[in-house]
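Undergrad: These are the residues of each chain, in order.
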Amino acid sequence: MIIDLEKFLARERPAWGELEQTLRRMDGGGKLDLAQARRLHYLYERASSALGRVQTFSGDPETREYLESLVARAYGLIHSADRPRRRLRPIHWFIVTFPRTFRRHFGSFLLATAATLVGALFGGVAVAADEEAKSIILPFEHLMGDPSDRVAQEEQTGGAEGGGHSTFAAMLIQNNVRVSFMALALGFTFGIGTILLLFYNGVILGAVCFDYIRAGEGVFLAGWLLPHGSIEIPAILLAGQAGMVLGRALIGHGDRNPLKARMRLVSADLVTLIGGVAVLLVWAGIIESFVSQFHEPRLPYWLKISFGVIELGLLGFLLGRCGRKAGERAA
Amino acid sequence: MTGHRHNRLVITTPEGCRFSLLLAGPVSRFMAWLIDLVVVIAAGIGIWLLLGKVLAFLAALLGEFVLAMLLLLNFVLWFGYGIALEWLWNGRTVGKRVLGLRVVDEHGLRLTFSQVVLRNLLRLVDMLPMLYLVAGVSCMLSRRCQRLGDIAAGTVVIRSPRIGRPDLRDVLQGKFNSLRAHPHLEARLRNRVSPAEARVAAAALLRRDSLEPEARVSLFAELAEHFREVVRFPEAATDGLSDEQYVRNVVDSLYRARKGT
Chain X
1 MIIDLEKFLA RERPAWGELE QTLRRMDGGG KLDLAQARRL HYLYERASSA
51 LGRVQTFSGD PETREYLESL VARAYGLIHS ADRPRRRLRP IHWFIVTFPR
101 TFRRHFGSFL LATAATLVGA LFGGVAVAAD EEAKSIILPF EHLMGDPSDR
151 VAQEEQTGGA EGGGHSTFAA MLIQNNVRVS FMALALGFTF GIGTILLLFY
201 NGVILGAVCF DYIRAGEGVF LAGWLLPHGS IEIPAILLAG QAGMVLGRAL
251 IGHGDRNPLK ARMRLVSADL VTLIGGVAVL LVWAGIIESF VSQFHEPRLP
301 YWLKISFGVI ELGLLGFLLG RCGRKAGERA A
Chain G
332 MTGHRHNRLV ITTPEGCRFS LLLAGPVSRF MAWLIDLVVV IAAGIGIWLL
382 LGKVLAFLAA LLGEFVLAML LLLNFVLWFG YGIALEWLWN GRTVGKRVLG
432 LRVVDEHGLR LTFSQVVLRN LLRLVDMLPM LYLVAGVSCM LSRRCQRLGD
482 IAAGTVVIRS PRIGRPDLRD VLQGKFNSLR AHPHLEARLR NRVSPAEARV
532 AAAALLRRDS LEPEARVSLF AELAEHFREV VRFPEAATDG LSDEQYVRNV
582 VDSLYRARKG T
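First to last, the sequence lines map onto chains X and G.
Quick note, the first sequence lines up with residues 1 to 331 if you use the working numbering.
Quick note, the second sequence lines up with residues 332 to 592 if you use the working numbering.
Now the in silico label distances, taken between C-beta atoms and shown as ranges: (1) X:L34 x G:W379: 46 to 52 Å; (2) X:A37 x G:V468: 41 to 47 Å; (3) G:A415 x X:A37: 24 to 30 Å.
Residues from chain X that face chain G, not an exhaustive set, calculated with beta carbons under 10 Å: (4) E68; (5) L184; (6) L246; (7) A249; (8) S267; (9) D269; (10) T272.
Read the hints as simulated data drawn from the structure, not as lab findings.
All C-beta atoms, glycine included, are put in the ideal place defined by N, C-alpha and C.
Between the sequences and the hints, there should be enough to build the whole structure, so can you do that?
TA: Written out as structure tokens, the structure reads:
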């Protein structure tokens with residue numbers, strides 16, 4: 001029992017002050033050499049021991065509270081030393097970490113793709129069965145009319161009259177990134193919200209594609225959609241993949257780890273996936289505004305389609321081959 | 332190892348030491364969010380006002396590219412504000428700083444970048460259908476007051492209230508304390524009395540002159556009864572003491588050790 005608290009406090013207080021000072025320095029981004037790190041560990045152990053004594057034998061309540069907060073801060077600092085705090089390596093992250101993460105959760109990507117394809121099928125069938133379905137399904141006014149009329153109008157001017165491409169690109173990037181964040185966040189509904197979002201996206205895509213192909217405007221459609229869609233659509237699928245990963249971690253089917261451990265295991269992967277999606281969507285937004293909106297005679301369709309196919313091939317290479325480790329199974 | 336104690340997160344370190352963190356409630360967190368909202372809006376307006384002329388010049392030079400950049404900057408500000416500040420300020424934004432809140436790992440460890448990003452991106456679900464209703468419900472149902480983003484990222488928001496030390500010199504100076512004759516019982520008293528109880532007793536003493544006479548008698552009777560239950564001092568030390576004197580002696584015993592700190 002600590003009978004003479006005053007004496008105890010007088011003896012220990014300088015060490016606590018030194019620990020507090022070191023912690024403040026570290027909070028401000030300071031670094032320690034080996035001797036200072038050892039000293040920090042010693043001070044932490046000494047404060048822990050003092051807290052143990054104060055809690056067990058005696059102690060004025062506020063000293064206890066002060067020591068708890070001091071030990072908590074030091075504990076967080078010392079026991080987090082082995083937590084990853086790597087240097088920022090954006091290129092390595094994009095061409096190695098991102099594809100590896102994609103391949104690690106390939107099953108979730110297939111699920112996201114399936115939800116979109118089912119939606120696309122539904123959208124196509126709906127428009128085929130009922131012409132009026134277009135006005136309900138399609139949210140964009142310029143897609144409501146007859147595709148051939150629009151193609152004729154666009155080809156008369158070559159598309160994209162009047163400038164405003166940068167602003168349009170910025171708006172597209174904002175909107176698409178927001179939707180992809182939402183696809184991830186809705187994974188919290190055990191993946192159901194993500195599936196519904198992907199299904200709805202698929203419905204719009206299917207309805208538009210069917211409408212243009214039925215009107216014999218397949219080449220225009222490919223030239224219009226492929227330059228940006230070959231990146232944008234997979235990017236939204238990747239965001240859906242992240243949502244599925246989150247949903248799977250919540251459900252935990254076939255995984256004996258508790259929820260917290262499951263979430264801890266996937267959290268870095270979720271951030272990597274959604275970060276990669278954001279990068280892809282910035283590119284897609286720029287291409288949609290500066291390339292997709294131009295049509296023949298300004299920009300030949302074969303060029304636009306080839307550009308889109310090359311982009312898709314590169315994306316496939318990035319996700320399928322980049323950062324592959326020896327012995328890694330093909331995705 | 333972690334556990335719970337009412338609104339506290341109790342952590343036991345590998346060294347066998349236990350400490351607890353006070354969890355922030357939904358109201359204080361909502362207030363912090365409101366402050367952050369004001370900061371983000373003010374920052375947007377501030378950028379516009381401060382750089383208005385520069386932007387107009389750039390717009391004349393670079394055309395609508397400047398407007399596009401502003402649109403993107405605004406978007407990055409909305410999403411990046413929380414991520415950047417919580418990462419750079421060890422789990423605090425301006426709102427959290429003002430209210431003494433901090434985001435920490437639920438095991439008391441340092442936050443990782445992915446934890447910070449994830450909890451901020453999942454706001455999109457937490458803010459549904461409006462004004463963070465989902466987050467509020469989640470906070471109230473969760474034992475650690477975690478919104479969905481916190482559950483996914485493995486984080487909690489803690490509160491570190493700045494407790495001012497009561498100035499008890501006028502109340503205690505020159506007063507004889509009969510409990511001092513029993514240091515081992517004083518030690519036990521300090522061990523058993525929580526900081527909150529000590530603060531209540533100190534506050535009662537500091538404000539005693541502003542109380543109605545009846546309320547004063549009844550308050551000190553209640554406090555004295557409580558502290559008598561906590562530790563029983565020998566009759567020789569308590570004989571002839573009024574309830575108020577007894578509470579004053581208790582406060583003296585609790586706070587005396589920190590005199591001059």
